[in-house]
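Put together the whole structure using the sequences plus the hints.
Below, each chain spelled out in residue letters.
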Amino acid sequence: MRKSVDPGQEDARTVEALYLTETTNRDNRLEDVGDARLVEQARAGEDDAFAALVLRYERKLIRVLVRLVHDEELARDLAQETFWKVYNRLDRFDTSRRFGPWLFRVGVNLSLDQLRRREGPTATSIDRTQTESQRAIDPADPDPRLREELAQEVRFILDRLPLPYRTILVLRDLEGFSSAEVAAIVGRREATVRWRLAKARDLFRQHWERREAAVPGEVRHVG
Amino acid sequence: MWASLCARVRSRLPLLVGGELVGPERRLAERHLLGCDRCRRKLADLRRSQGVLRAAAGHDPIEPEAPSLWPVLARQIRESRRPTLGWNRVEPRTMVRVAVSLAACLALAVGALIFRPATRELSRYKITVTPKQVAIDRLPDPPKHVTQRPRRPKFHQVTYRREIGPVRQPATPSKAARPQPNYARGPSPDAQGRPLTGTQ
Chain U
1 MRKSVDPGQE
11 DARTVEALYL
21 TETTNRDNRL
31 EDVGDARLVE
41 QARAGEDDAF
51 AALVLRYERK
61 LIRVLVRLVH
71 DEELARDLAQ
81 ETFWKVYNRL
91 DRFDTSRRFG
101 PWLFRVGVNL
111 SLDQLRRREG
121 PTATSIDRTQ
131 TESQRAIDPA
141 DPDPRLREEL
151 AQEVRFILDR
161 LPLPYRTILV
171 LRDLEGFSSA
181 EVAAIVGRRE
191 ATVRWRLAKA
201 RDLFRQHWER
211 REAAVPGEVR
221 HVG
Chain D
224 MWASLCARVR
234 SRLPLLVGGE
244 LVGPERRLAE
254 RHLLGCDRCR
264 RKLADLRRSQ
274 GVLRAAAGHD
284 PIEPEAPSLW
294 PVLARQIRES
304 RRPTLGWNRV
314 EPRTMVRVAV
324 SLAACLALAV
334 GALIFRPATR
344 ELSRYKITVT
354 PKQVAIDRLP
364 DPPKHVTQRP
374 RRPKFHQVTY
384 RREIGPVRQP
394 ATPSKAARPQ
404 PNYARGPSPD
414 AQGRPLTGTQ
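Sequence lines, in order, name chains U and D. Quick note, the first sequence lines up with residues 1 to 223 if you use my numbering. Quick note, the second sequence lines up with residues 224 to 423 if you use my numbering.
It is worth saying that the hints were derived from the structure and are not from the lab. Remember, it's a predicted structure, so these values are computed and weren't measured experimentally. Honestly, I wouldn't trust all of these hints.
Unchecked claim - Restraint ranges, calculated between C-beta atoms of paired labels, are given here:
| hint | chain 1 | residue 1 | chain 2 | residue 2 | range |
| --- | --- | --- | --- | --- | --- |
| 1 | D | E286 | U | N88 | 40 to 46 Å |
| 2 | D | A332 | U | D47 | 45 to 51 Å |
| 3 | U | R189 | D | L331 | 46 to 52 Å |
| 4 | D | M318 | U | L74 | 36 to 42 Å |
| 5 | D | M318 | U | D48 | 28 to 34 Å |
| 6 | D | P294 | U | R43 | 20 to 26 Å |
| 7 | D | L325 | U | E46 | 36 to 42 Å |
| 8 | U | R145 | D | E248 | 38 to 44 Å |
| 9 | D | A230 | U | D47 | 55 to 61 Å |
| 10 | D | P315 | U | E209 | 33 to 39 Å |
| 11 | D | R231 | U | D47 | 50 to 56 Å |
Cβ atoms here follow ideal geometry from the backbone N, Cα and C, with glycine treated the same way.
So this is what it looks like as structure tokens:
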């Protein structure tokens, strides 16, 4: 027996379904649109265009900020502040340039300001006690707990690096931006970025070797 | 020569590991590495630490089901568009400038009201202040046509008199109207009422 349905309710469902279909189609259309076009549409007052930009970049931005500030909630707040700042400055954006580096530049600058306010003098020693780290970590180990531990070790060492080196190492080696993109984000010349990158990698190597030397037991090497 | 080349190559090894070293610099480093055991060891160490970084890069620090920022941002944008007096759209720096300007104007107006009479009075004097003395020298008097110019009386100082016809001077009393001493009664009494006599 067919259940009777209120015609008004049915109409509402149809309208809702149509709206959802239309929204999904529009979102799919916006996914293919370039950043510059979306920025122009957002300037014209189309919120969907700015929403597409947010959805496109938010996860990567939050990931970069988490790697810098090491606090997910704070990184989300900073990312939101970044998007709000960018939204209010859309008129100043030159659409002949790339939107991504501009967005990340705003976000990285906000997080660096936050870190400068928060951070005291950097600890000179990176050696932990044996209770903190009981064994060597193999980066090639697929065990997720070990990967988590490895990420913590890396975070611990990154905290000990000076901010300019840490920023470049995070952007280039952890997030995979190109040297040119890193230069655009940090507002330096590419040659400066390459020099800092070399220095940062060497500092990271020194800290990692000291950590390895401090850990008792067998140290497994990875190629 | 060899030591300086070694130092030069070693400083570029971190870039060689990441693939950023290209061109002649890369060829020079590779050629040097063939014959330098120390630099090869350092290269191996760098490759190991880069492996650690690559492994850490694979770890996503944020939750996969983390909510999007858009709903909060959309609300923020909607609230910013809500019609208001417009103060929330003005940048804080502009608001500070406007407030400072208004305060300055107010201070100037109050100052002008307070010091106006005193300034007018003191403008006629030259005040010389020295460490030992404070002397106020009067400036030379202004020309007479300036100082003696008749001033128009202020409104509240004007007194209106009702005048009908030419103003007459009050007539001086005639000699006859003046009280004449009555010599017949004798001299005028003194202060105590006693008659003055010629013998006293």
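ask   = Does the structure break any of the earlier hints, and which numbers would those be?
value = 1, 4 and 10
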